[in-house]
Amino acid sequence: QEKVQQSPESLIVPEGAMSSLNCTFSNSASQSIWWYQQHPGKGPEALISIFSNGNKKEGRLTVYLNRASLHVSLHIRDSQPSDSAVYLCALLSGSFNKLTFGAGTRLAVCP
Amino acid sequence: EAGVTQSPRYAVLQEGQAVSFWCDPISGHDTLYWYQQPRDQGPQLLVYFRDEAVIDNSQLPSDRFSAVRPKGTNSTLKIQSAKQGDTATYLCASSPGLGPNYAEQFFGPGTRLTVL
Numbered sequence: 272q273e274k275v276q277q278s279p280e281s282l283i284v285p286e287g288a289m290s291s292l293n294c295t296f297s298n299s300a301s302q303s304i305w306w307y308q309q310h311p312g313k314g315p316e317a318l319i320s321i322f323s324n325g326n327k328k329e330g331r332l333t334v335y336l337n338r339a340s341l342h343v344s345l346h347i348r349d350s351q352p353s354d355s356a357v358y359l360c361a362l363l364s365g366s367f368n369k370l371t372f373g374a375g376t377r378l379a380v381c382p
Numbered sequence: 020e021a022g023v024t025q026s027p028r029y030a031v032l033q034e035g036q037a038v039s040f041w042c043d044p045i046s047g048h049d050t051l052y053w054y055q056q057p058r059d060q061g062p063q064l065l066v067y068f069r070d071e072a073v074i075d076n077s078q079l080p081s082d083r084f085s086a087v088r089p090k091g092t093n094s095t096l097k098i099q100s101a102k103q104g105d106t107a108t109y110l111c112a113s114s115p116g117l118g119p120n121y122a123e124q125f126f127g128p129g130t131r132l133t134v135l
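These protein sequence lines map, in sequence, to chains A and B. If you use this note's numbering, the first sequence corresponds to residues 272 to 382, in order. If you use this note's numbering, the second sequence corresponds to residues 20 to 135, in order.
Derived from the structure by calculation, the hints contain no laboratory data. Treat the hints loosely; a few may be bogus.
Below, computed lysine-lysine pairings styled on DSS-like, alpha-carbon distance capped at 27 Å [what the hints assert, rightly or not]:
#, chain 1, residue 1, chain 2, residue 2
1, A, Lys369, B, Lys90
2, A, Lys313, B, Lys97
3, B, Lys97, A, Lys369
Predicted model, so just to flag it, every value in this text is computed and none were measured.
Sequences and hints are given; from them, build the entire structure.
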């Protein structure tokens with residue numbers, strides 16, 4: 272069974288700084304790794320996904336994947352107070368797109 | 020386009036009571052997922068459907084939990100005889116198909132359940 276661990280549990284950064292979140296997973300055969308954002312009282316919303324080793328950039332977001340070390344990281348450039356939320360790392364596996372989530376990192380961006 | 024809708028948004032029960040959660044997925048999405056999210060944890064998959072068929076319900080906590088999607092559109096998750104350990108947010112998600120091209124899941128706002 273896939274396992275996903277996220278670190279740190281919580282992160283506080285000043286506005287404009289880089290936020291860096293980490294995720295390690297147990298199964299290198301997973302199809303892809305997804306990052307979801309969850310604001311209080313809302314459901315998770317997909318931000319970005321990556322399948323191949325290396326990095327992927329979308330706007331202020333950059334994801335790095337290293338399957339050999341079973342590690343993926345999410346970096347948010349120029350963090351804004353509106354980025355304050357819980358960030359969930361998830362492994363996609365199987366033919367029915369099963370997602371296995373980590374416990375999340377709670378990000379607070381202070382003005 | 021309307022997103023995934025869920026009702027009720029909140030439920031408070033005494034132990035032993037039953038409760039049902041309702042989900043309306045995005046129109047045209049044939050795959051539907053139910054998750055349980057305890058406080059300060061990530062969502063944990065309970066059951067998922069392709070159209071009206073259950074693909075996998077092995078993660079339903081016990082036979083107190085059941086889920087149906089009779090016409091392949093809306094779905095209901097029911098807890099018989101709720102326990103305090105069932106306190107969590109119940110999330111519904113849908114996706115337009117299977118395979119890597121349809122991997123993004125779209126979540127509803129959830130139903131927050133408290134069992135006293």
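Tell me the numbers of any earlier hints that the structure contravenes, in ascending order. Those not satisfied: there are none.
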